[in-house]
Amino acid sequence: MASIDVNGKSVEVDEEGYLVDLTKWTKEAAEILSAQDELVLTDNHWEVITFLREYYEEYQIAPAVRVLTKAIGKKLGPEKGNSKYLYELFPYGPAKQACRFAGLPKPTGCV
Amino acid sequence: MAKVKFDIPEFRPYPTIPILKPGVMKGNGPFVAKPDMQEALGFPGELIDDWHDVAIDKMGDLLKKYRSLRVFLDSCVKCGACTDKCHYMIGTNDPKNMPVARQDLFRQVYRRHFTLAGKLFPKLVGAKDLTRDVLDDWYNYFHQCSQCRRCSVFCPYGIDTAEISMAAREILDTVGKGQKYCNEIIAKVYKIGNNLGLPKPALANTLEGLEEDMKDETGIDIKMPLDVEGADILLITPSADFFAEPHIDGLIGYAKVFYQAGASWTISSYASEAANFGMFIGSYENMREVAERIRKAAIDLKVKRIVFGECGHAWRVGYSFLNTLVGPFDFLDTRYPVPQHICEYTYDLIQKGVVKLDKSANDHRRLTFHDSCNVARATRMGDKPGGQFDIPREIIKACCNYYYDMEPDTIKDQTYCCGGGGLLTDDLIELRVKGALPRMEALKQVVDDHGVTHMAAICAICKSQFSKVLPYYGFEMDTILSVHQLVSDAIVLTTEVKTPG
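In order, the protein sequences belong to chains A and B. With this note's numbering applied, the first sequence covers 1 to 111. With this note's numbering applied, the second sequence covers 1 to 501.
Calculated from the structure, these hints are not laboratory results. It is possible that some hints are incorrect.
[What the hints assert, rightly or not] Below, a sample of chain A positions facing chain B; criterion: calculated Cβ distance under 8 Å:
{"no.": "1", "residue": "Q60"}
{"no.": "2", "residue": "V67"}
{"no.": "3", "residue": "K74"}
{"no.": "4", "residue": "K75"}
{"no.": "5", "residue": "P78"}
{"no.": "6", "residue": "E79"}
{"no.": "7", "residue": "S83"}
{"no.": "8", "residue": "T108"}
[To be verified] Away from chain B, derived, C-beta distances all over 12 Å, residues of chain A:
{"no.": "9", "residue": "H45"}
{"no.": "10", "residue": "R66"}
{"no.": "11", "residue": "N82"}
{"no.": "12", "residue": "L86"}
{"no.": "13", "residue": "V111"}
All residues carry an ideal CB built from backbone N, CA and C; glycine is no exception.
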C-alpha cells in the first residue's frame, strides 16, 4: 500500500491517491496531495475543501456538482458559482480532485 | 494521482487503416478489485491457486449455457472485415485491439480444450494453453473492449465480440481477478442502492435543491418526488443524473416533462440506479440481482409504470433483458411498454401536443446527436424499426432550429463508442482518450462544416466520458449535453396542468 509522509507520519493512500482512512486527514495532508498534482492551495481552494468536508460529515457522500457550485456561489460570489470556475481551481474535476484533497473517497459510478 | 503522460492522437485528414504498433497497449490492465469488492459479488477475493482448472471449467460451463458463445468461437473465418472497425484499435494502433485478435485471445484457449483438433494438434490450429501470460493478456485486452458491438455490425457472421469479452471477464471474476471500477460499483449498489453510494438523505437533499432551482428559474413548483407510494410512474435513472454535469440538467428536463403532463411519478431511494454493471462483467447472477431491485421498488411503491432515464446500457438491460431477468411485470399497467424510455414518453407527449416546445430557446446552440452504442445496437424505441435512432432525433429537432447529423458511417447502427463503457475510470484515461478519436473526428467535421456547438446524448457514461475527453481534442467540456436538457430549455410550462397523458 502506498503512503504519503505528513510531518514525519506515514498516512496510507490507495492506488489512486485517495486516503484510505478518512480520519487521518489534516490540512498538511491536503497540501501534500495537492502538491502531487502541482497545485498550490489558495483560500478559494480551501472554501471548496471545507464545504466538501462539512457536506460529507452530514451526508456520507460528496455533494452533487450542482450543490457545490451553488454553495460556492453563495460564499465567493455568483460569478464563481459555476463548474467552469471549479475546474479552474481543480483542473482534474471538482468532484474527483477536490474530494481527494479533502480526504473524501473517490466518487464512483458513471461520473 | 500523478498525471499520465501519453500522446493524444491527431485528427486524420481522412479515415485510414492505422499503421500497426504491436504491443503498444500491453500492460497490467485496470486496477484489480479488492477482496471485499470481489466477495460482495460472490467471487473469490484474489487470484486463486487453481485458477487454471477453475477457468477452464468455467469456460465449459459458459459454452453450455450460451450456445451463441460456441457459435462465435467456431464461425470466424478471419475475413478481416472487423479489423479496422474498433474505436480502440483506431485510436491505439495495437493489433490486439482488432476485434478478431481480441476474440482469438479467448478462442485459442477454447480450441485447446474444447475442440478435437486443438487437443491433438494445437499448433496447427492456433490453440494455446491458458498460461499466466495468456490470463494477464486477457485481463489487459478484455478491458480494452467497451462491448459496444460496432464490430459485430460489420462481421458477415454476426460474431459479437462483446459476448466474448463478457465471458472472459466472468471467467476472470470467477478465478478472483475482477476489475476494481465495475466491481466496486456493483458492491455499492447492493449496499446503498446506487453506483455512487448516494444514501437516501443525500438524495433527498439534492432533489430538494433542484426543486428550489427550478422554482427560481420558472416560478413554478415543479416536484422531484422521492419514495412516493402509489405514484403512477417509477423513474429509474442513472445515479449520475443526481450528481454530475450535464446529467443533472437532463433530470430537470424529465421533471419538467412529468410536470407538464400532470403525471404522478416518483424516484425510489432503494432502486436509485438504472445502470446495471452486471452486464459489463458478464455476470448473469449479478445482473439479475441488480435488476431485482427495480422490480422490488415497483412492487413496494405500487406503481403502474416504469420509465427509464437517459442511460445506454441500462436501456439494453431494461428493453432486452428485464422481463426474462426478473419478470413477469404483469402487476404493471399493460397498456404501456414495460419498461418505457423517457424519450418514448416525451416524444409521445410532443405528438399529442401536451408538451409544447419553443425552438428559439435553443437558438444559441447548433446540435448534433451521438448515438450511444447500447441504445443503437441492442434496443429499440417506439413501434417502428429504427425508433431508437429517430425518436431522440425527433425530440432534439422539436427543441431547436439547427440540427446536423454526423457522417453516416459514424452514427445510428454504425455509431462509434464514446470510448468509456465499463472502462470509465481514471486508470484507463489513455485508452479512453485514444478510443474517442473516431467520434471526435466526426464531431470536428460537423463543427467545421455546420458550426455545430453542442452534441447531445442519452447515456450517462457517454456524457461523463465526453466531458472528460473533449478538452484533449480542443473542444470545450460542456460541448456535451443531455437530450432532456434541450427539452428543459425549450419546454413551454403552463401553470394550468393538463390531464395525465
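Comparing the hints with the structure gives:
no.: 1; hint: Q60; in the structure: holds, 6 Å
no.: 2; hint: V67; in the structure: holds, 6 Å
no.: 3; hint: K74; in the structure: violated, 12 Å
no.: 4; hint: K75; in the structure: violated, 16 Å
no.: 5; hint: P78; in the structure: violated, 12 Å
no.: 6; hint: E79; in the structure: violated, 17 Å
no.: 7; hint: S83; in the structure: holds, 5 Å
no.: 8; hint: T108; in the structure: holds, 5 Å
no.: 9; hint: H45; in the structure: holds, 17 Å
no.: 10; hint: R66; in the structure: violated, 5 Å
no.: 11; hint: N82; in the structure: violated, 10 Å
no.: 12; hint: L86; in the structure: violated, 10 Å
no.: 13; hint: V111; in the structure: violated, 4 Å
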